[in-house]
Structure formats: structure tokens, C-alpha cells
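Given only the sequences and the hints, what does the whole structure look like? Please build it.
Under UniProt numbering, the sequence shown has 396 at position 396, and the numbering climbs by one with no breaks.
Read the hints as simulated data drawn from the structure, not as lab findings. A few of these clues could be false.
Unchecked claim - Dumping the calculated BS3-like pairs for lysine-lysine here, alpha-carbon to alpha-carbon at most 27 Å:
#1 LYS17 with LYS404
#2 LYS87 with LYS237
#3 LYS458 with LYS321
#4 LYS458 with LYS87
#5 LYS321 with LYS17
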Amino acid sequence: MTTTTERKGIHLTRSLKSRHIFMLSLGGVIGTGLFMGSGVTINQGGPWGAILSYLVAGFLMYLVMVCLGELSVQMPVSGSFQAHATKYIGPATGFMIGWVYWMSWATTVGLEFTAAGMLMQRWFPGVPIWYWSALFVALLFGINALATRAFGEAEYWFAGVKVLAILSFIVVGALVIFGVIDLPNSAPAPMLDNLKGDSLFPNGLPAVFAVMMTVVYAFQGCEIMGVAAGETDQPEKSIPRAVRNVVFRVLIFYVLAVMVLAAIIPWQQAGLVESPFVQVFDMVGIPYAADLMNFVILTAILSVGNSGLYASTRILWAMSKSGMAPKALSPLSRQGVPLRALAITLCFALISLMTSFIAADTLFMVLMAVSGMAGTVTWIVIALAQYRFRRQFLREGGQLHQLKYRAPWFPLVPLLCIVLCSSLFVFLALDETQRPSLYWGSGFIVLCYGAYYLMQRKRQLQPAAAV
Numbered sequence: 001m002t003t004t005t006e007r008k009g010i011h012l013t014r015s016l017k018s019r020h021i022f023m024l025s026l027g028g029v030i031g032t033g034l035f036m037g038s039g040v041t042i043n044q045g046g047p048w049g050a051i052l053s054y055l056v057a058g059f060l061m062y063l064v065m066v067c068l069g070e071l072s073v074q075m076p077v078s079g080s081f082q083a084h085a086t087k088y089i090g091p092a093t094g095f096m097i098g099w100v101y102w103m104s105w106a107t108t109v110g111l112e113f114t115a116a117g118m119l120m121q122r123w124f125p126g127v128p129i130w131y132w133s134a135l136f137v138a139l140l141f142g143i144n145a146l147a148t149r150a151f152g153e154a155e156y157w158f159a160g161v162k163v164l165a166i167l168s169f170i171v172v173g174a175l176v177i178f179g180v181i182d183l184p185n186s187a188p189a190p191m192l193d194n195l196k197g198d199s200l201f202p203n204g205l206p207a208v209f210a211v212m213m214t215v216v217y218a219f220q221g222c223e224i225m226g227v228a229a230g231e232t233d234q235p236e237k238s239i240p241r242a243v244r245n246v247v248f249r250v251l252i253f254y255v256l257a258v259m260v261l262a263a264i265i266p267w268q269q270a271g272l273v274e275s276p277f278v279q280v281f282d283m284v285g286i287p288y289a290a291d292l293m294n295f296v297i298l299t300a301i302l303s304v305g306n307s308g309l310y311a312s313t314r315i316l317w318a319m320s321k322s323g324m325a326p327k328a329l330s331p332l333s334r335q336g337v338p339l340r341a342l343a344i345t346l347c348f349a350l351i352s353l354m355t356s357f358i359a360a361d362t363l364f365m366v367l368m369a370v371s372g373m374a375g376t377v378t379w380i381v382i383a384l385a386q387y388r389f390r391r392q393f394l395r396e397g398g399q400l401h402q403l404k405y406r407a408p409w410f411p412l413v414p415l416l417c418i419v420l421c422s423s424l425f426v427f428l429a430l431d432e433t434q435r436p437s438l439y440w441g442s443g444f445i446v447l448c449y450g451a452y453y454l455m456q457r458k459r460q461l462q463p464a465a466a467v
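Below, the structure is given as C-alpha cells:
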């Protein structure tokens, strides 16, 4: 039975251009993990420990992106890896990853509203945080409800602000390192002295492994490219271009930015009080450095919220179309936007936000635990789906030259991705502070599989009951 919108011919529109996909992928990776978390990463892992962590995480991101690129070009649907998992691994895994990913992003979106409101306190200390949170809720809902093109444009400029800030920082930082820009109080140019001596792994390799988990989490979000494939103009051209450009640009931005930070700020002082980017701008006497960085971080938060709301809405809509979520969520607006799925996602985001105040030690902790594991589980599912797809494709007589984009070095790439992602769970188990994420996240995954099989059993019994 078709919905009213389907009868009228209303459907998702392929209005996202190559530049939108590129910036969407870039913006999904560059966020507060870099602007706020990089200082802590340097402090805990040491300069070279931090740089190594970003290189390893970037390599892992490359493995995921090429796997997802092959799948998304071959099957460019808004369900993305959820639909890929359903077809090439099994519907139970598709059901599981869809709900895990949706809940993870919806929870994250809720937190972004509060974080954005808190940042506004710097400029408007007398205005309650919830006023600003409500304003940003309305803003992001409006951007996502208007049309897919409006979302793409908004995310393009959100991501552009972040990229411009990073490039400016790298240039200014390099000039400081080599003495072109003088430091206050006639301090000598740091050159590369802070990267020498005991800077290799000052806190030992265990600290580097702990930092590596945090860095990998910061890189998760690149998979949003696949979610947008169903609304991408010429996916066979846009997606490969995004894969090639995003991975290397992210590595350049992250690694160069971290190297500049580590060269200017001694690792013992990095990330102890404020954003290391603010520290550097303050050191060189740039006017209103804190306000500028506050604006950049606000933009980063809104970018994450915007992308997360889009991704979770499209995943929920795709599941409703395949019977894995309520069918009532499948109609589209006249602009081709799944408004019902958007509204439900936003409602859950606000509920998760409320639990951070009224159930912080119970329900909210569970939501955060699931969110912590969701990205890594998603990467494993993407790699496994690509492995299964390629084997099936070749088994059925397909030729490699028929693939418009293919991941290199098969089957090494997907298998290596699965092994490296799985190893992160070992680190979670060894880290006492992050162990609850493993427990609650695994429990929710088992619950999703159980719910799927119960749902299937109920459907099988219904015809018999009717007879």
C-alpha cells in the first residue's frame, strides 16, 4: 500500500552536489574533538603519542571510507549502511545497526543543544541556557525541514567556518614556531624543541592506547557521506571524489594542527584549562581570540547537530520503508523531507537531553554508553557488508571493471578494518572508566537482535491466528 505522498510522486530528491557531500563528510569529522579535545590528547599521550593516534585513526577512517564508497556507489540509498547490512549481512543486523545508529545520533544531537546554549553564556550571561537551546532546536529543525538542498547549503557553510579556522591556525602557528611572529615578553621562538627530549611517549604506551580510542571516536561521523548518497546528484562521481578528498584533507588538518599545537605548547600544559587553539591565539596577542574561538566552536557544535539530525532522520525513514520502524514515519513533505521521522528524532533528542538532568546516573548513562559504542560497531558493519557484497558480486560472475568504484586490496581492507575496530573493544574492557560503555552497549545490541526475532516471530504467527 502506498502513502499519499508516494501516489503524488513525492520522493527524496537528489539535490546534494559534490561540494555538499565533501563538506558534509569533512564537517562530520572536524568538531569539538579537535578544537577542545586535542589539548587533552597531547597532555595524556604526549606530542608524538597524539600524532601517532591521529595517524592510526586516520588510516582506520580511510579503510571505512573506501568500503562505504564502494557500497554507496553500487547501492546509493538513504538507508546507507543500514540497507547494505540488511541486504548483504542479514535483516537482523540491519535492524540492529539502524536502531543503534539512530539512537546514538539522536542522543548526541540533544547534547549539542545544551552545549551551544552554554557557549552563548559567554556573550549573554543573563539569558538562561534553555532559551538558546530552544532557539537552536528551532533553527536546526527549520534547516532540515525546508528541503535537502537547504540542509546541504547550511552544512557547507558550517563546515567552511571550521576549515577556515584550522587553516588560519596552522599558518599562524607555523609563523610562531619559526619566529616570524614574535611571542610576548620577547620569548624565543619555540622551533621544534617541544617535540624533542621526553616527548616521545612521556606517559607510556598504555596512555597512547587510551588516547587512541578517544581520537577514533572523534573521527567517527565520516560515514554520514553514505547516508546522503540517496540524495546525491551523480553519486558515482560525487562519492569517489569525496572519499579521495576527505581522508587526506582530514589527516592534513588534524595532524598538522596537532603538530603545531604540540610544538608551541609544552605537553604538560596542553588542554589543562581551555581550548589549546585559544591558548595559541592568546599567546600571539590576536584580539578577541577567545571570542573568535568561541564562535568557531559554536559553529562546530551546530554543524554536528545539523549533520546528526539529518543522518538519524534518514536512517529512521529508511527503516520505516522496510518495515523495521513504524510505517507511519514514511510519508514525505512536499519538499521531499521525512517530516514525521524528523519530528520523532528531535523529540527523542530532547528527551535524552532531559535525562541528563533527571536520570543522569541511570537512563542517561545507558544512552551515552550506547552512543560510545555505536560508531565503532557501525564501522565494523560497513566493512563486513562490503566484504560480503564483493564476494557475492564475484561469485555471481561480476567483473571488477564493472564496479564504478571499488575499494583497493580486497579482502585485506575490510578484514583489517574489522580487526582494528574490534581491537578497540579490548581497550574498552581494559580501561576501567570506559568499561560501562562496553557492558551497556553490548547489552543494547543483544536487545536489538532479540527485538527483531520477536517481531519476526509475531509476524509469522499472525496469519496462522487469522486462519
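Taking the hints in turn, this is what the structure says about them:
Taking the CA atoms of LYS17 and LYS404, the gap is near 18 Å; set against the 27 Å cutoff, the hint holds. Between LYS87 and LYS237 the CA atoms are separated by roughly 23 Å; this keeps the pair inside 27 Å, and the hint holds. Pair hint LYS458 plus LYS321 holds up; C-alpha atoms about 19 Å apart against a cutoff of 27 Å. Simply put, LYS458 and LYS87 have alpha-carbon atoms about 22 Å apart, close enough for the 27 Å limit, and the pair holds.
Of the supplied pair hints, the one linking LYS321 and LYS17 holds, its CA atoms being roughly 25 Å apart against a limit of 27 Å.
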